[in-house]
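**Student:** Listed below, chain by chain, are the residues.
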Amino acid sequence: MDANETKIEKGFAEGEHVVLRPVLEADLAELARLLAENPLEALPWTLQRLRKKFEDKDEPGLWGKSQRYFAIARRGGGVVGYLKESDDSNRGMYWNEHHIQDGLEDRAALGLDAVSAYLAYKQKWHNPLRISFDVLRPEEMKIDWLEQAGFELELTQERIMLYLGQPEARCLYTWFSEELLSAPAWEEEEAGS
Amino acid sequence: MHNIYTGKRVRLRPFSSSEEYTNIDDKLMEVPSEYWGPHWRPLGERTEEYAPAGVIDPASYSAYAIERLDTGQLIGVEEHGSIRPGVLWTWLGTHFLEQHQRQGLGTEAKQLMLCGLFESFPLETVYAITVANHRPALRGLERSGFRYVGEKRGMFIADGQPVDEIYYVITREEWEQLPVRQYVTRG
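If you're matching them up, the sequences are chains U and E in order. If you use the numbering used here, the first sequence closes out at 1324, no skipped numbers anywhere. If you use the numbering used here, the second sequence closes out at 196, no skipped numbers anywhere.
So that you can see chain U by itself, here it is in the shape it has in the complex (with noise of 0.2 Å):
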């Protein structure tokens, strides 16, 4: 390879600037100081403690059963985020947390276009029912992302954690599929019986 190409990130998903990917060892450090960052996040992430999630034995690699993290990667290379996604037994429903490097001047759009690439990938491959994500209610640039790819506020809980010494809500983002917008259930709750 030339000394002067680029680096260019693959991933699961592939937006305009960044690419969602499986975490690598090379990006536990990144990934722990973006878990810190995360208001979401009640756990005072450490490198150690985050590298002993990886190093798991029943689910190594961050990457379990039923739940998975994603490094966002710019298409360049180098971590500037992560999503973690979670599921159940019940097919198609998924509920995350994300989150972009605080600071970035590009933030706006890096984070945009992570989450348009990850419901793009999840259309593609996992025929989803619903997904969801977890916002604290002052991280307005998130729910901005998350309204302009096609999420729309399904349930605020008041009062659920310290957000710089004050309570706050968490905000409940949803994009739901065709399929459980036209399902039965749906449509006789709607006519309010």
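These are calculated hints, taken from the structure and not from any lab test. Some hints could be false.
Stated by the list, open to error - Derived EDC-like pairs: lysine to aspartate or glutamate, alpha-carbon spacing no greater than 16 Å straight-line: (1) U/K1215 / U/E1172; (2) U/K1196 / U/E1186; (3) U/K1196 / U/D1219; (4) U/K1215 / U/E1190; (5) E/K161 / U/D1219; (6) U/K1255 / U/E1309; (7) E/K161 / U/E1285; (8) U/K1255 / U/E1145; (9) E/K161 / E/D173; (10) E/K161 / U/E1283; (11) E/K161 / U/D1265; (12) U/K1215 / U/D1265; (13) E/K36 / E/E107; (14) E/K161 / U/D1218; (15) U/K1215 / U/E1283.
Fit chain E to the supplied structure of chain U, relying on the hints for placement.
**Tutor:** For chain E alone, coordinates are given in the frame of chain U:
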């Protein structure tokens, strides 16, 4: 920190042994819930869960025995979720043997659990979650002092159809107004 709360009709207390815990869970799982469907956890998993601290571990999960005061029978399980620094909420749940359901015992069990939670931890809110078609649970939560917050659409599948999950909450201020605080016995 108290771990026994007694009301007028029921008492919450720690399980006295691993056998007591697994036996009631066996009985609860024998009859699948009409609303939540069949549920199974292997014995080994539950025994392991009991071993470290008798299933009372605020950092992860706690389960209390619900005892009927008139007969002394163990009739169900009251449970709550993790309590972590900086996090101002947790959830609670109630499971009763079928023959003791719909007698208003769950209302008191929930209120006793709320006393334990709000008196012992710096929580601001306690949530309870059920499914939209579970009308007895919805009524029971309202009787216990909870109020409707919202729903997650199609989060649960029952009878092959998506069913909404319903969220209820009670705040610390709302709990402070409940009469149970005046008659609960601790310890």
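**Student:** Compare the structure with each hint and give your call.
**Tutor:** We went through each hint and held it up to the structure:
no., hint, result
1, U/K1215 / U/E1172, "11 Å, holds"
2, U/K1196 / U/E1186, "15 Å, holds"
3, U/K1196 / U/D1219, "9 Å, holds"
4, U/K1215 / U/E1190, "14 Å, holds"
5, E/K161 / U/D1219, "15 Å, holds"
6, U/K1255 / U/E1309, "14 Å, holds"
7, E/K161 / U/E1285, "7 Å, holds"
8, U/K1255 / U/E1145, "12 Å, holds"
9, E/K161 / E/D173, "6 Å, holds"
10, E/K161 / U/E1283, "12 Å, holds"
11, E/K161 / U/D1265, "12 Å, holds"
12, U/K1215 / U/D1265, "11 Å, holds"
13, E/K36 / E/E107, "9 Å, holds"
14, E/K161 / U/D1218, "14 Å, holds"
15, U/K1215 / U/E1283, "19 Å, violated"
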